[in-house]
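Chemist: Per the working numbering, the sequence shown starts with residue 1, numbered consecutively.
A portion of the hints provided could be inaccurate.
[What the hints assert, rightly or not] Computed Cβ-Cβ distance ranges for the label pairs, DEER-style:
| # | residue 1 | residue 2 | range |
| --- | --- | --- | --- |
| 1 | 158 | 40 | 46 to 56 Å |
| 2 | 292 | 202 | 37 to 47 Å |
| 3 | 310 | 232 | 43 to 53 Å |
| 4 | 82 | 40 | 36 to 46 Å |
| 5 | 158 | 324 | 34 to 44 Å |
| 6 | 302 | 269 | 14 to 24 Å |
| 7 | 89 | 315 | 31 to 41 Å |
| 8 | 173 | 259 | 40 to 50 Å |
| 9 | 194 | 40 | 22 to 32 Å |
| 10 | 89 | 196 | 34 to 44 Å |
| 11 | 244 | 71 | 23 to 33 Å |
| 12 | 232 | 59 | 20 to 30 Å |
Simulated from the structure, these hints should not be mistaken for laboratory data.
Beta carbons: idealized from backbone N, C-alpha and C, even for Gly.
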Amino acid sequence: MCTALSFCANHHYFGRTLDLECSFGESIAILPRACGLHFRRVGSMARHHAIIGVAHIVDGYPLYYDAVNERGLAMAGLHFPGNAVYTMPERASRPVIAPFELIPWILGQTSTVAEAYRLLGRLQVCQLDFSPNLPTTPLHWLLADREQSLVVEPLADGLHIHDNPAGVLTNNPPFDEQLRRLTDFAGLTADPPADRMGLGQPLYSRGMGGMGLPGDLSSPSRFVRAAFTRRFARVLDSDGENLEQAFHILGSVGQTDGCVRLPSDEGIQYERTVYTSCYDTTSGVCHYTTYNNRSITAVNMRAENLDTAKLISYPMLTEPRIFRQNEK
Numbered sequence: 001m002c003t004a005l006s007f008c009a010n011h012h013y014f015g016r017t018l019d020l021e022c023s024f025g026e027s028i029a030i031l032p033r034a035c036g037l038h039f040r041r042v043g044s045m046a047r048h049h050a051i052i053g054v055a056h057i058v059d060g061y062p063l064y065y066d067a068v069n070e071r072g073l074a075m076a077g078l079h080f081p082g083n084a085v086y087t088m089p090e091r092a093s094r095p096v097i098a099p100f101e102l103i104p105w106i107l108g109q110t111s112t113v114a115e116a117y118r119l120l121g122r123l124q125v126c127q128l129d130f131s132p133n134l135p136t137t138p139l140h141w142l143l144a145d146r147e148q149s150l151v152v153e154p155l156a157d158g159l160h161i162h163d164n165p166a167g168v169l170t171n172n173p174p175f176d177e178q179l180r181r182l183t184d185f186a187g188l189t190a191d192p193p194a195d196r197m198g199l200g201q202p203l204y205s206r207g208m209g210g211m212g213l214p215g216d217l218s219s220p221s222r223f224v225r226a227a228f229t230r231r232f233a234r235v236l237d238s239d240g241e242n243l244e245q246a247f248h249i250l251g252s253v254g255q256t257d258g259c260v261r262l263p264s265d266e267g268i269q270y271e272r273t274v275y276t277s278c279y280d281t282t283s284g285v286c287h288y289t290t291y292n293n294r295s296i297t298a299v300n301m302r303a304e305n306l307d308t309a310k311l312i313s314y315p316m317l318t319e320p321r322i323f324r325q326n327e328k
């Protein structure tokens with residue numbers, strides 16, 4: 001499954017893990033301002049904000065998993081099975097967007113969460129497949145700038161938009177239940193616990209203020225663990241250190257190949273963290289690691305000509321890269 005994060009330091013960092021049993025050949029896709037966006041039911045944008053993100057590119061169309069625009073607004077879609085309910089388009093009375101279109105539709109024309117909120121309030125996310133071979137995926141979304149973050153969820157009674165004080169999102173259950181579960185862990189702290197029992201016994205380990213923090217790989221537990229780690233992770237001195245901090249927070253919920261078994265018609269498969277992305281939304285740089293390549297790779301949107309009309313893409317580097325310090 002997946003975990004997404006918004007983390008503010010000197011710069012704003014936005015990232016996610018993609019946890020699946022396989023890769024779909026993801027690329028870093030840069031959508032320049034003049035590369036037209038065409039939507040199924042709401043027309044086209046001949047020009048729009050430039051966007052960089054991780055996408056599966058099909059016939060030249062970037063199916064974004066997560067992205068940030070040149071104004072610093074970021075968005076990620078997370079798997080939301082069993083809960084996502086999309087409106088049928090024939091009954092729609094407001095602007096209709098397919099789930100795969102929502103990230104470019106929002107990031108292409110808004111600069112802040114507040115602007116995006118106004119658009120989302122009059123929107124219907126509808127059941128429209130990209131193609132017969134790529135049916136609609138059940139999703140919900142984390143949307144963030146450096147000031148605030150929202151969760152957007154298509155439920156049976158309509159589109160729900162939640163303020164997100166925790167700054168993280170996982171898959172299930174719906175966000176209000178995820179947030180409510182944090183109250184069960186309100187006593188967790190980074191500090192040594194107080195001896196409230198008056199036993200006078202010395203602590204036998206550091207980190208006991210976090211006793212009870214769930215360590216399993218389920219969505220609810222990953223939400224609590226990511227929220228705890230984000231809450232207590234220090235803002236450090238340099239941008240590079242804070243970028244690493246964001247990767248460390250996301251690393252606290254990473255999945256190791258072999259720990260989640262998925263029986264299927266094709267035999268046993270195993271979920272793993274296919275990639276971890278982290279955007280410096282202030283500078284427009286996408287950083288990522290992959291399961292076998294733990295070295296951080298960076299792609300800078302502003303290093304490209306953003307006024308062209310052609311999609312720019314870079315395949316993700318997935319082979320191990322090891323720095324051998326004492327070898328020539």
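Chemist: Now tell me, hint by hint, if it's right for this structure.
Modeler: Checked hints:
Distance hint check: the CB atoms of residue 158 and residue 40 are about 20 Å apart, inconsistent with the given range 46 to 56 Å. At about 43 Å, the CB distance of residue 292 to residue 202 agrees with the hint of 37 to 47 Å. Residue 310 and residue 232 have their C-beta atoms about 44 Å apart, which keeps the hinted 43 to 53 Å range intact. Evaluation of the 36 to 46 Å hint for residue 82 and residue 40 yields a failure: the beta carbon distance comes to about 25 Å.
At about 56 Å, the CB distance of residue 158 to residue 324 disagrees with the hint of 34 to 44 Å. At about 39 Å, the beta-carbon gap between residue 302 and residue 269 misses the expected band of 14 to 24 Å. Taking 31 to 41 Å as the suggested C-beta distance range, the pair residue 89 and residue 315 conforms, at roughly 34 Å. The hinted range of 40 to 50 Å is not satisfied by residue 173 and residue 259, whose Cβ atoms lie roughly 22 Å apart.
Evaluation of the 22 to 32 Å hint for residue 194 and residue 40 yields a failure: the beta carbon distance comes to about 58 Å. In this structure, residue 89 and residue 196 break the distance hint of 34 to 44 Å, their C-beta atoms being roughly 58 Å apart. Remark: the range hint 23 to 33 Å for residue 244 to residue 71 is upheld by a beta-carbon distance near 25 Å. Roughly 45 Å separates the CB atoms of residue 232 and residue 59, a value that falls outside the hinted 20 to 30 Å.
Taken one by one, the earlier hints fail for this structure at numbers 1, 4, 5, 6, 8, 9, 10 and 12, listed in ascending order.
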